[in-house]
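Protein chains in written order, with the numbering used here: chain C, 9 to 221; chain W, 638 to 885.
Calculated from the structure, these hints are not laboratory results.
Keep in mind the model is a prediction, meaning the values are calculated, not measured.
We put the beta carbon where it would ideally sit given N, CA and C, even for glycine.
Accuracy of the hints is not assured; some may be wrong.
[Unchecked claim] Computed from the model, here is a short list of chain W residues facing chain C with C-beta under 10 angstroms:
(1) Y650
(2) K683
(3) N687
(4) Q712
(5) Q713
(6) I721
(7) K727
[Stated by the list, open to error] DSS-like mimics (lysine-lysine), calculated; alpha carbons at most 27 angstroms apart, straight line:
(8) W/K753 with W/K813
(9) W/K701 with W/K690
(10) W/K690 with C/K218
(11) C/K148 with W/K649
(12) W/K649 with W/K701
(13) W/K741 with W/K701
(14) C/K81 with W/K831
(15) C/K148 with W/K761
(16) W/K840 with W/K850
(17) W/K673 with W/K690
(18) W/K753 with W/K741
(19) C/K81 with W/K737
(20) W/K761 with W/K649
(21) W/K701 with W/K737
(22) W/K761 with W/K831
(23) C/K218 with W/K753
(24) W/K813 with W/K850
(25) C/K148 with W/K727
(26) W/K741 with W/K785
(27) W/K727 with W/K673
(28) W/K850 with W/K673
(29) C/K218 with W/K649
(30) W/K785 with W/K813
(31) C/K81 with W/K741
(32) W/K690 with C/K81
(33) W/K785 with W/K737
(34) W/K785 with W/K850
(35) W/K813 with W/K741
(36) W/K673 with W/K649
(37) W/K840 with W/K649
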Amino acid sequence: MFSLLHKELRLAAHPNLFIFTLLGALVIVPAYPYGMVFLFGCLGPFVTFTYGRETNDLYFTALLPVSKADVVKSKLLMVVLAQMAQVLISIPFAFLRVGLLPEGNPAGIEANLAYYGFGFMIYAVFNFIFLTEFFRTAYKPGIAFLWAMIPAVIGVLAMEVLIHVPSLAWLDSVAPQDLRRQLPILLVGMLIYAAAMPAAYRVSATRFEKVDL
Amino acid sequence: MSVLVVRGLTKKYAGFLLDGVSFELRPGRTMGLIGKNGAGKTTTLKSLLNLVKPDAGQVLMFGKDFYQNEQDCKQQIGVVFGGIDFYRHKRLSEITNVTKRFYKEWDEQAYQRYMKQFSLVPNKRVNELSSGMKVKYMVALALSHNAKLLIFDEPTSGLDPVARDDLLVLFRQLVKGGERSILYSTHITSDLEKCADDITYIKDGRVLASADKGEFVRAFQHLRSPGEAEDLSLEEIMIRTERRTYDV
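Please take these sequences and the hints and turn them into a complete structure.
Listed below in C-alpha cells is the structure:
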C-alpha cells in the first residue's frame with residue numbers, strides 16, 4: 009500500500025493538490041470566509057482525479073501487480089492525507105490568529121472547534137459522494153465533483169448562516185466556555201468522517217471492480 | 638507447460654460479442670494476434686488481463702488461474718499498449734522510481750543496461766520520446782522486473798518502417814533464449830511475417846484459427862486464386878477472408 013501511496017503522490021497528484029492543501033493557512037487572513045478552506049480541500053482531489061484521467065493513471069496502475077481494491081484504497085488515502093494535512097497546517101494559523109487578531113473574523117465563522125467539526129462533516133459528505141460516483145465509471149470526475157460539491161457548498165453556507173442565529177452565537181466564539189460547548193460538534197464531525205471513509209471505500213471498490221477500463 | 642492458456646473468453650457489449658476466444662502460448666514463442674480493426678484483439682487482451690471484466694472464460698498464466706492469482710501473475714508480465722501515453726509530463730526516472738517498488742524481482746543493473754542499450758535518457762520526459770522510444774521504455778521496465786510474458790497491443794502502429802523494423806529485431810531477440818514469450822496484437826501483418834511463431838486470427842469476436850505460422854498459412858491456401866503458386870501472405874489471408882462485395 010505504501011508503494012501505491014508513493015505512486016499517488018509522485019505521479020498521480022496534480023501540483024494543485026499540494027497548493028490547495030497549503031491553503032489551510034488561509035485561517036490567518038483577518039477577514040475571510042474560512043469555509044472556503046474546506047472547499048479547497050474538495051477541489052484538490054477533483055483536480056488530481058481529472059489529471060489522472062488525462063495521464064492514464066488508472067490504466068497504468070491497473071497493469072501493476074496490485075488489486076483493483078488497492079487502487080481504490082490508495083486514491084482514498086491520498087484524499088484523506090491531503091485533507092488531514094490541510095487541517096493540520098491550518099491549526100497553528102488558527103492559534104496565531106487568536107493571538108494576533110483577537111477582534112474576530114468579520115467575514116464569517118471563527119476558526120474554532122465547531123468550524124473544524126463542520127469541516128470534517130463537509131469533507132465526509134463530499135468524499136463519499138465524489139469517490140463513489142467517480143468509481144462508478146472511473147473516467148467522469150466532473151459529474152462526480154458536481155454531485156459532491158452541491159451538499160459541500162450547502163454545508164459551508166449552513167455553517168456560515170448558523171452563526172448569525174442569536175441563540176447560536178457561541179458557535180462563532182473562541183472563548184474557553186464556548187469552545188467546551190463546541191467540542192461535541194468536533195467529535196461528531198470526526199466520527200462522521202471516520203465512518204464515511206471506510207463506507208466510501210467499500211462502495212467505490214465494489215463499483216470499480218465492475219468497471220471496464 | 639504453456640505460459641498462457643486462454644479458454645472460452647467471452648465478453649458481451651452492446652453491438653459486439655467476444656465469443657469464446659481460446660488459444661495457447663508456449664514458452665519462447667511469439668504469438669501474433671491478428672484481425673481487422675474492431676475484431677476484438679484489444680478486448681481479448683484487456684479481458685485476459687482483467688482490465689475488462691469477462692463474462693465467462695478461464696485464463697491460466699504460468700499454470701495458475703490468472704483471476705485468482707492476479708497480483709502474482711502480474712509480477713511476471715510486462716504490458717505495452719501502443720498509442721497510450723502514461724504521465725506525459727513526468728521524467729522517465731520518476732516513473733521508474735515509482736514502478737520498481739512494485740516488483741519483487743526488480744534488477745536495477747539490468748534496468749540501467751537496457752536504458753543504455755535502448756538509448757533512453759532517464760531525464761527525458763515521456764512527451765519528449767518518439768512512439769518507438771516509448772515502446773522501448775515500457776519494454777525496458779518489463780525486462781527489468783524479469784517479465785516472462787510480454788503482452789503488446791499494436792506496439793508498432795504509427796511508427797515509420799525503420800523504427801518498426803528496429804522494434805521487431807528487438808522482439809525477436811527477447812524470445813531467443815526461450816525464457817520469454819510474446820503475445821502481440823496487431824493488424825500490421827507484415828510485422829508478424831518477420832517475428833511471429835504462431836498466429837491467432839480473430840474475426841468478428843471469434844477465433845477463426847490458431848496455429849503455428851506455417852500450419853496457419855497452409856490452412857488458408859484454399860483462398861488462392863487459380864494459377865497462384867506461392868503461399869499467401871498473412872496480409873492476403875486476412876484481406877481475402879475479410880473481403881466484402883457491395884451490390885450497388
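- Task: For the pair supplied as a hint, C/K81 and W/K741, confirm whether the alpha-carbon distance does not exceed 27 angstroms.
- Result: holds, 21 angstroms
27 angstroms limit on alpha-carbon distance, applied to hinted pair W/K761 and W/K649:
Roughly 41 angstroms between the alpha carbons, so the hint for W/K761 and W/K649 is violated.
Pairwise hint evaluation, W/K813 against W/K753, where the allowed Cα distance is 27 angstroms at most: Holds - the C-alpha atoms of W/K813 and W/K753 are around 20 angstroms apart, at most 27 angstroms.
### Query
Are the Cα atoms of W/K701 and W/K690 separated by 27 angstroms or less?
Holds, at roughly 18 angstroms.
(message) Tell me if the interface restraint on W/I721 is satisfied: Cβ within less than 10 angstroms of some Cβ in chain C.
(response) Nearest chain C Cβ about 6 angstroms off; hint holds.
Between C/K218 and W/K649, is the straight-line Cα distance small enough, at 27 angstroms or below? holds, 13 angstroms
| Does the nearest C-beta of chain C fall within a distance shorter than 10 angstroms of the C-beta of W/Q712? | holds, 5 angstroms
- Query: Does the alpha-carbon distance linking W/K673 and W/K649 stay inside the 27 angstroms limit?
  - Reply: holds, 19 angstroms
message: Need the status of pair W/K840, W/K649: alpha-carbon distance at most 27 angstroms?
response: holds, 15 angstroms
Under 10 angstroms is the threshold here; is the Cβ of W/Q713 close enough to any Cβ of chain C for the hint to stand? holds, 9 angstroms
Does W/K737 sit within 27 angstroms of W/K701, going by the straight-line distance between their CA atoms?
Distance of about 24 angstroms is within 27 angstroms: holds.
- Sort out whether C/K81 lies within 27 angstroms of W/K690, counting only the CA atoms. holds, 20 angstroms
Hint compliance for this structure: hints 14, 15, 20, 22, 23 and 27 are broken, all remaining hints hold.
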